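K.L.:
Using the hints, position chain B against chain A.
Chains as they are written, first to last, in the working numbering: chain A, 37 to 295; chain B, 37 to 295.
None of these hints come from the bench; they were simulated from the model. In this text the structure is predicted, and so the values were computed from the model without any measurement. Even for Gly, the Cβ is constructed at its ideal location relative to N, Cα and C. Don't take each hint at face value.
Quick list of the computed label-pair ranges, beta carbon to beta carbon [unchecked claim]:
#1 A:Ala206 with B:Pro50: 54 to 64 angstroms
#2 B:Phe48 with A:Val289: 29 to 39 angstroms
#3 B:Gly292 with A:Gly191: 21 to 31 angstroms
Subject to a maximum C-alpha distance of 35 angstroms in a straight line, what follows is the list of computed DSBU-like cross-link-like pairs (lysine-lysine) [said to hold, decoys possible]:
#4 A:Lys182 with A:Lys229
#5 B:Lys229 with A:Lys122
#6 B:Lys209 with A:Lys250
#7 B:Lys122 with B:Lys182
#8 A:Lys182 with A:Lys250
#9 B:Lys122 with A:Lys122
#10 B:Lys250 with B:Lys182
#11 A:Lys209 with A:Lys229
#12 A:Lys229 with B:Lys122
#13 B:Lys182 with B:Lys209
#14 B:Lys209 with B:Lys250
#15 A:Lys209 with A:Lys122
Footprint (simulated), chain A over chain B, 3 or more residues, beta carbon under 8 angstroms [what the hints assert, rightly or not]:
#16 54–65
#17 88–98
#18 178–185
#19 217–223
Number of protein chains: 2
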Amino acid sequence: MRILLSNDDGIFAPGLQVLHDALQPLGHDLIVVAPESEQSAASHAITISEPLRVRPYQGNHGLSGYAVRGTPADCVKLALSVLLGKPPDLVISGVNQGPNTGISVIYSGTVAAAAEGTLNRIPSMAISLDAFDNPCWESCGAITRKLVDYIEHQGLPHGVLLNVNIPNLAPEKINGFAVTTAARSRFIEIFHKRTRPRGGAYYWLDGELQITGKQAGTDVEALSRDYVSLSPLQFDITALAAMDSLRGFQDEVIPGPDR
Amino acid sequence: MRILLSNDDGIFAPGLQVLHDALQPLGHDLIVVAPESEQSAASHAITISEPLRVRPYQGNHGLSGYAVRGTPADCVKLALSVLLGKPPDLVISGVNQGPNTGISVIYSGTVAAAAEGTLNRIPSMAISLDAFDNPCWESCGAITRKLVDYIEHQGLPHGVLLNVNIPNLAPEKINGFAVTTAARSRFIEIFHKRTRPRGGAYYWLDGELQITGKQAGTDVEALSRDYVSLSPLQFDITALAAMDSLRGFQDEVIPGPDR
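The shape of chain A in the complex, shown without the other chains:
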């Protein structure tokens, strides 16, 4: 398969090399298009008020492709429109250092890069490791190979992105795979206030995921039980169930500017 690899941790990130090194021995045709610097929490941001600088890049063990001064979504858009001659068979984004579970999926650049594949009708997955520190990459390569084999033979449902979260454990300590929902959750922000030496406040954004719905069957629960979490995601965000409650507004008249 022709596989496009990207991420949000940047083209030098070890998780990207993990993807490459796992898939290259299987004879897949791999190309990397990734941000030249870290773009964590970039979400689906795209760069429209500045141009995108692109440079050829060579990493270790034959990893090659392009570094882009832009966001993860920029990278995949540019890859699909310009840099790759023909569309890839698969887009993989990751392996992110840190989980992308619950509401994190809407802030994640890792998920957004894969979403660009999904929106362009290419099977796509985002892979994240449940560790900010002391990552144990050992399991990620083997699980990536297994998932790629599955997608090669079974495909993915149309319009669906596979969001994968891997426990930070050696393979023999992982209990299996669980198909999950993204946990209903929100971030509880913690802002650290500091003062500049010459005066003026600034704030560091920090926060914690708070589960607001049930935990059973979610990505957060799967990781807590040492399972690999597989969540199907889609990007049609209309709240269909809420449409009827707004219909009354259709009887309202447009007010004049001075009413």
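P.N.:
Chain B in isolation, oriented as in the chain A frame:
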């Protein structure tokens, strides 16, 4: 009502002043927390590798609040956690110069700012004007007042953001309000390649929305028929219908690192 105003066009944008000037005469308690510079297409990006600089800001006609060196989502998070003493009754983001319809809703900083309100259980709406150039702001104020009055008395369904798109027409030329879905669509990218004077390629991202589903009942159709589009949006993106098709994977075993 206590109303938090934000946007993605930046604190100097005319659309923000339009919101303020429309609502201030009604006696609402208004506070602005907006990006100090334009953040169009910032999506739900949040700033985690740099701190957020915050400065008090005074605009025209009594508009006051804070300018933040960050994204729209940063602004609303900071407002809700730190800058506002108590939570607002309503968050309004806009008025954006340019529509936010179809798949644009996932790239929009305007929608993301309102989404931070929704995710924090505060009624929230995003308002956009269907014009990049020659904006006719005349209708926006009157329609905003009408929507605020509706939300004050009827509220919004839990977890639902109201995404409003206004035709760029005088009030008497607008046909009414339509409750719509976000059109299934994608961007067809057009990258403009240029070369730096000292060599090296760069690209400008441009593109057009392509409708991929039916047009009837969508936000795009409503604008084309000179109606104000009201779309309810939600942020739980699990593809529930696709879960069964992946269940077979739960029978797979975790491969060892060398398998």
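K.L.:
Could you tell me which of the hints above the structure violates, numbers in ascending order?
P.N.:
4, 6, 9, 11, 15 and 16
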